[in-house]
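*Asks:* Residue numbers (full-length UniProt numbering), protein chains in the order written: chain R, 1 to 577; chain E, 1 to 577.
These aren't lab readings, by the way, just hints derived from the structure by calculation.
Check the hints yourself; a few may be wrong.
Here are some, though not all, of the chain R residues that point toward chain E, as calculated from beta-carbon distances under 7 Å [what the hints assert, rightly or not]:
1) 76
2) 128
3) 172
4) 175
5) 400
6) 561
7) 565
8) 566
Ranges between beta-carbon positions, derived for each pair [as the list claims (entries may be wrong)]:
9) R:558 to E:225: 47 to 57 Å
10) E:72 to R:50: 29 to 39 Å
11) R:24 to E:431: 51 to 61 Å
12) R:238 to E:464: 46 to 56 Å
13) R:275 to E:72: 38 to 48 Å
14) E:30 to R:259: 53 to 63 Å
15) E:30 to R:423: 33 to 43 Å
Virtual Cβ for every residue (Gly too), placed ideally from N, Cα, C.
Listed below, chain by chain, are the residues.
Protein chains: 2
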Amino acid sequence: MILHPILGLAFFLLILSVTVQGAVIEFNWTVNYLRWAPDCVDKLVIAINEGFPGPTINVTEGDTIKVNVLNKLPTEGIVIHWHGMHQKGTPWADGTAFVSQCPIGPGEEFLYEFVAARVGTYFYHGHHGMQRAAGFYGALNVHPRNRTVEPFKYDKEYTILLNDWWHKSVHEQEYNLLADSFKWVGEPQSLLIGGRGAYNCSKVPNFPGASSDTGDFVKCNSSSPQCVPFSITVDPGKTYRLRISSVASLAALNFILEGHVMTVVEVDGHYVKPVVVDNLDVYSGESFSVLFTADQDPSRNYWAGVNVRARLPSTPTGVAVLSYNPNDPGMLPTTPRPVSPAWNDFALSMSKAKQYVAHPDFKEPLPQKATDRHLFLLNLQNTWKNGRRWSANNISFVPTSTPILAAYKYNLMGEAPASPPDSYPTDYNISAPPPFPEANEGHAAYEFNLGDVVDVIIQNANSLTASNSEIHPWHLHGHDFWLLGYGNGKFNVSTDYATMDTSQAPRRNTVPVFPWGWTVIRFVADNPGLWPFHCHIEPHLHMGMGVIFGEGLNQLPDMPKRTLGCGLTKDNSNIGI
Amino acid sequence: MILHPILGLAFFLLILSVTVQGAVIEFNWTVNYLRWAPDCVDKLVIAINEGFPGPTINVTEGDTIKVNVLNKLPTEGIVIHWHGMHQKGTPWADGTAFVSQCPIGPGEEFLYEFVAARVGTYFYHGHHGMQRAAGFYGALNVHPRNRTVEPFKYDKEYTILLNDWWHKSVHEQEYNLLADSFKWVGEPQSLLIGGRGAYNCSKVPNFPGASSDTGDFVKCNSSSPQCVPFSITVDPGKTYRLRISSVASLAALNFILEGHVMTVVEVDGHYVKPVVVDNLDVYSGESFSVLFTADQDPSRNYWAGVNVRARLPSTPTGVAVLSYNPNDPGMLPTTPRPVSPAWNDFALSMSKAKQYVAHPDFKEPLPQKATDRHLFLLNLQNTWKNGRRWSANNISFVPTSTPILAAYKYNLMGEAPASPPDSYPTDYNISAPPPFPEANEGHAAYEFNLGDVVDVIIQNANSLTASNSEIHPWHLHGHDFWLLGYGNGKFNVSTDYATMDTSQAPRRNTVPVFPWGWTVIRFVADNPGLWPFHCHIEPHLHMGMGVIFGEGLNQLPDMPKRTLGCGLTKDNSNIGI
Numbered sequence: 001m002i003l004h005p006i007l008g009l010a011f012f013l014l015i016l017s018v019t020v021q022g023a024v025i026e027f028n029w030t031v032n033y034l035r036w037a038p039d040c041v042d043k044l045v046i047a048i049n050e051g052f053p054g055p056t057i058n059v060t061e062g063d064t065i066k067v068n069v070l071n072k073l074p075t076e077g078i079v080i081h082w083h084g085m086h087q088k089g090t091p092w093a094d095g096t097a098f099v100s101q102c103p104i105g106p107g108e109e110f111l112y113e114f115v116a117a118r119v120g121t122y123f124y125h126g127h128h129g130m131q132r133a134a135g136f137y138g139a140l141n142v143h144p145r146n147r148t149v150e151p152f153k154y155d156k157e158y159t160i161l162l163n164d165w166w167h168k169s170v171h172e173q174e175y176n177l178l179a180d181s182f183k184w185v186g187e188p189q190s191l192l193i194g195g196r197g198a199y200n201c202s203k204v205p206n207f208p209g210a211s212s213d214t215g216d217f218v219k220c221n222s223s224s225p226q227c228v229p230f231s232i233t234v235d236p237g238k239t240y241r242l243r244i245s246s247v248a249s250l251a252a253l254n255f256i257l258e259g260h261v262m263t264v265v266e267v268d269g270h271y272v273k274p275v276v277v278d279n280l281d282v283y284s285g286e287s288f289s290v291l292f293t294a295d296q297d298p299s300r301n302y303w304a305g306v307n308v309r310a311r312l313p314s315t316p317t318g319v320a321v322l323s324y325n326p327n328d329p330g331m332l333p334t335t336p337r338p339v340s341p342a343w344n345d346f347a348l349s350m351s352k353a354k355q356y357v358a359h360p361d362f363k364e365p366l367p368q369k370a371t372d373r374h375l376f377l378l379n380l381q382n383t384w385k386n387g388r389r390w391s392a393n394n395i396s397f398v399p400t401s402t403p404i405l406a407a408y409k410y411n412l413m414g415e416a417p418a419s420p421p422d423s424y425p426t427d428y429n430i431s432a433p434p435p436f437p438e439a440n441e442g443h444a445a446y447e448f449n450l451g452d453v454v455d456v457i458i459q460n461a462n463s464l465t466a467s468n469s470e471i472h473p474w475h476l477h478g479h480d481f482w483l484l485g486y487g488n489g490k491f492n493v494s495t496d497y498a499t500m501d502t503s504q505a506p507r508r509n510t511v512p513v514f515p516w517g518w519t520v521i522r523f524v525a526d527n528p529g530l531w532p533f534h535c536h537i538e539p540h541l542h543m544g545m546g547v548i549f550g551e552g553l554n555q556l557p558d559m560p561k562r563t564l565g566c567g568l569t570k571d572n573s574n575i576g577i
Numbered sequence: 001m002i003l004h005p006i007l008g009l010a011f012f013l014l015i016l017s018v019t020v021q022g023a024v025i026e027f028n029w030t031v032n033y034l035r036w037a038p039d040c041v042d043k044l045v046i047a048i049n050e051g052f053p054g055p056t057i058n059v060t061e062g063d064t065i066k067v068n069v070l071n072k073l074p075t076e077g078i079v080i081h082w083h084g085m086h087q088k089g090t091p092w093a094d095g096t097a098f099v100s101q102c103p104i105g106p107g108e109e110f111l112y113e114f115v116a117a118r119v120g121t122y123f124y125h126g127h128h129g130m131q132r133a134a135g136f137y138g139a140l141n142v143h144p145r146n147r148t149v150e151p152f153k154y155d156k157e158y159t160i161l162l163n164d165w166w167h168k169s170v171h172e173q174e175y176n177l178l179a180d181s182f183k184w185v186g187e188p189q190s191l192l193i194g195g196r197g198a199y200n201c202s203k204v205p206n207f208p209g210a211s212s213d214t215g216d217f218v219k220c221n222s223s224s225p226q227c228v229p230f231s232i233t234v235d236p237g238k239t240y241r242l243r244i245s246s247v248a249s250l251a252a253l254n255f256i257l258e259g260h261v262m263t264v265v266e267v268d269g270h271y272v273k274p275v276v277v278d279n280l281d282v283y284s285g286e287s288f289s290v291l292f293t294a295d296q297d298p299s300r301n302y303w304a305g306v307n308v309r310a311r312l313p314s315t316p317t318g319v320a321v322l323s324y325n326p327n328d329p330g331m332l333p334t335t336p337r338p339v340s341p342a343w344n345d346f347a348l349s350m351s352k353a354k355q356y357v358a359h360p361d362f363k364e365p366l367p368q369k370a371t372d373r374h375l376f377l378l379n380l381q382n383t384w385k386n387g388r389r390w391s392a393n394n395i396s397f398v399p400t401s402t403p404i405l406a407a408y409k410y411n412l413m414g415e416a417p418a419s420p421p422d423s424y425p426t427d428y429n430i431s432a433p434p435p436f437p438e439a440n441e442g443h444a445a446y447e448f449n450l451g452d453v454v455d456v457i458i459q460n461a462n463s464l465t466a467s468n469s470e471i472h473p474w475h476l477h478g479h480d481f482w483l484l485g486y487g488n489g490k491f492n493v494s495t496d497y498a499t500m501d502t503s504q505a506p507r508r509n510t511v512p513v514f515p516w517g518w519t520v521i522r523f524v525a526d527n528p529g530l531w532p533f534h535c536h537i538e539p540h541l542h543m544g545m546g547v548i549f550g551e552g553l554n555q556l557p558d559m560p561k562r563t564l565g566c567g568l569t570k571d572n573s574n575i576g577i
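So here's chain R without its partners, still in its complex pose (with noise of 0.2 Å):
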């Protein structure tokens, strides 16, 4: 067959447009529980399509994904948050219960529809309640059209998703955070490295008589195939590329390859100047690309291991197997665990993450220079009624039952409501427990006029116990941002501003925050939608520690009729639509 030329053209024309604006890759996803046993004690997880973690979404840049979703669970709405994903268009693909759409309620199906747009290494995790500690999670590494433009070389790739985990259920984690008998979760039983721990059987009371009929409390089976240890399976001399995300719900989480230094060269889907590293600092919500080489013996297998900072750790090192071929998987090394640096070496941690600088080479555009509005965010902890609560400037976010973009969109959010505090008083002594009486609750959002450049100064401070104050991730959705410096102490505008180097501030989606520090980061309102600001700890943010950013509130796209029917959008007629 010999094509007319100029239709030739044409359909090699049409060919190159559907490949420049991407597939579309669809996927069809049931939710339901499982009884599944990741450090090897039995638990019900929130599972996708009967396997956990979720399944990983692999993807190229410009595509568009659409995930449908069924909902199984019995009793529990859910929704699923795309981290990093900026939803511009779509801010109601954002995934956030009672912000960016109803829960999806159970026996609903729901459509996810949204464009990959950049490259890089993301995750994707339930946001309503604390569904993420549920197990509900999975993987989503968006490649570039063209692996060759990216400023490295590897020959294969693996994507691990690192976890903190309890053994009691969410629900009442959830119960024991907001109780006026405020009970905290402590400290995780297990990590888990892809999804696979092990916790110590030994410790799992065993009682005679122990069966259904008598309670069946706790089941530990440390030879269950769901707790092998994940393997990296690697040929000596090659070069491999791991995708490293934590989904924590609460630790700061340090990894370690045994033996073998690894090359940072990718953070929250944007390359950095390499770094060197031996071990590698992951706060929840963080992303990593490492390069490393099996150029170690290959007649032995090495540790890959994570383990707990920033915080007192009480959980055993977290372990993955590094697997030479063509030596068995399962033989593990006789050497000791990974060790991690002193959790609370505080200089260290800030010290390596002042090491992630923009690369030189792919010069991303620059923050603007100057900012239309600076917010003041403290992160306070402080007592709610007889319990407790965190918050920013002492306002901790509640979710109403109206989704608060709908709630914005039509118009339902009743008065105008009093916008929250940009800032704190002066004086505020960072170095004490608050000073206020209480929390208040809200969750009005914080209004930018579309295109205004904001510069955050996240300011930590001491929480409720004399000389306490912890690291914070702080997550942003909807957008990157540039992170201009980190600092300890109280912010100071007239000085510190001057010590931030913005030549090569990086773009992030994810910053920590150090105790009793700051963190400051620069983002341009550009994308019309309510964006959710928070700390990706989990109990934190079920707390309260979070804000809503709503920009170009007069060009809020329109809602599907699907993300609607709670609360307030209940009624239609309330939405003219």
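With chain R held as given, fit chain E onto it using these hints.
*Replies:* Structure of chain E alone, referenced to chain R:
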């Protein structure tokens, strides 16, 4: 002040009218999780206003009950079913998820408003997933406007809910029951009287180093005030009414007052010919009033006890204390705990059930002589894929995400669904496991003309296990029915009707069917609505053992918008409202 005679009469008539129409009794309930130890073992329960069980409602016949419910569970929807209320004109207030309404979502408020039309002993409970088994229930007593009309006298009354109790979360139970790897809930760990039981803490593992950091598996505290036995305090010589209902998830219970006979005077809100009993079988969903006189040696206290019948028991007797004033209610009897009749004496079970007939002096309407429709419902356990289901006529009920009441009211059922079958093969062998390859799933209603007189013949059969058939208590929403009779073996239309004495047929809302036996009920389809008729055993209902009766489908009242918002009712333009 002297009233003008005409105005005075008008005022009097106004008062009278208010009295006759009944008062409006309002409640504000917040539903939350609560850590509670009903049997001394810590568990998360679904609680109302921070209490367990839920508050007892006491109203007078004809009163309007308004309950405003605020759902504070983080991710679960809720509904509340008012067991025994007919909901005439308010089918949307029946409180069954995906039948009469959408679940009340997290953060949402919902107003139930209905008339307590008839006197009697009733209760309420969650009817979404297996939330009743999570402790989401309470008592509802409707008192006569004039107590002297009751055919018995007593000095004081107590309201007692009986229940069985598991330590596993209902989420785990729900999963296990419908999983391909079907796992039965097993026998209860404890039996509760008035929300209190006592697990043997010595059976709970006590392992070294147990703390919140190492798993915090199970806490059992035998001296917790939450599991102090319920006490029935009496004055010597006086007569008491006990209002007893079973909200059991599974167990057929037998209630005993040590040393005291009881006179049964009410069943399911209807006075019955008094029956003196030593012990009382109470199936899940049934309500009784019994009278007893405190006529025993007042120097000591006595046990009230509850045991499992109809299944091989492995649960200790649940106890309360019958305490004679001025004894200390904490003075436990030193006598053995009450023993119930043999669990598998099913002939005794049926003969006990047959004792209850309509009170001769308080004749309510007799059943119609002629019947418009016969439904033969075969109780069937069967396989489904790799799991198990319960069914009627091999159709296992599976809810959709759209309330079936809205689906019929607003024509959202799609193409006219196939009606479920009115019968089953006449040669069906009830003594053997089912010959069908597997169950079918469905959710269509049986449709009746308004005013139809309907006979339902509930036919029990062998389960999947050879030589096994179980008692199932069937409960009808929206109605009381006449209980025409019980029998053994396969029902024979030609001969068995002749054995029934309809002249004293009692009215009921719940009735058991005995192993390999049949039960026949008659009711008038006079209540426009969609009404579940189902086995009241929570795991059986969860596994599909129920049907829906549709009555007066062209006369269904409008549904308040607050009942909608899920499934196909997300979009009000579907509904034309």
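*Asks:* Confirm or reject each hint.
*Replies:* Hint check results:
1. 76: At 5 Å from the nearest chain E Cβ, residue 76 (chain R) passes the 7 Å test, so the hint holds.
2. 128: With a closest approach of 5 Å, the residue 128 (chain R) hint holds.
3. 172: holds (5 Å)
4. 175: Constraint on residue 175 (chain R) satisfied, holds at 4 Å.
5. 400: Since chain E brings a Cβ to about 6 Å from residue 400 (chain R), closer than 7 Å, the hint holds.
6. 561: holds (5 Å)
7. 565: Check passed: Cβ of residue 565 (chain R) comes within 4 Å of chain E, closer than 7 Å.
8. 566: The hint holds - residue 566 (chain R) has a Cβ within 7 Å of chain E, the shortest such distance being about 5 Å.
9. R:558 to E:225: 47 to 57 Å: holds (55 Å)
10. E:72 to R:50: 29 to 39 Å: Holds: the Cβ-Cβ distance is about 31 Å, inside 29 to 39 Å.
11. R:24 to E:431: 51 to 61 Å: holds (57 Å)
12. R:238 to E:464: 46 to 56 Å: For residue 464 (chain E) against residue 238 (chain R), whose Cβ atoms are near 54 Å apart, the range 46 to 56 Å holds.
13. R:275 to E:72: 38 to 48 Å: For residue 275 (chain R) and residue 72 (chain E) the Cβ distance comes to about 46 Å; the hint holds.
14. E:30 to R:259: 53 to 63 Å: holds (57 Å)
15. E:30 to R:423: 33 to 43 Å: holds (35 Å)
Of the numbered hints given earlier, the model fails none.
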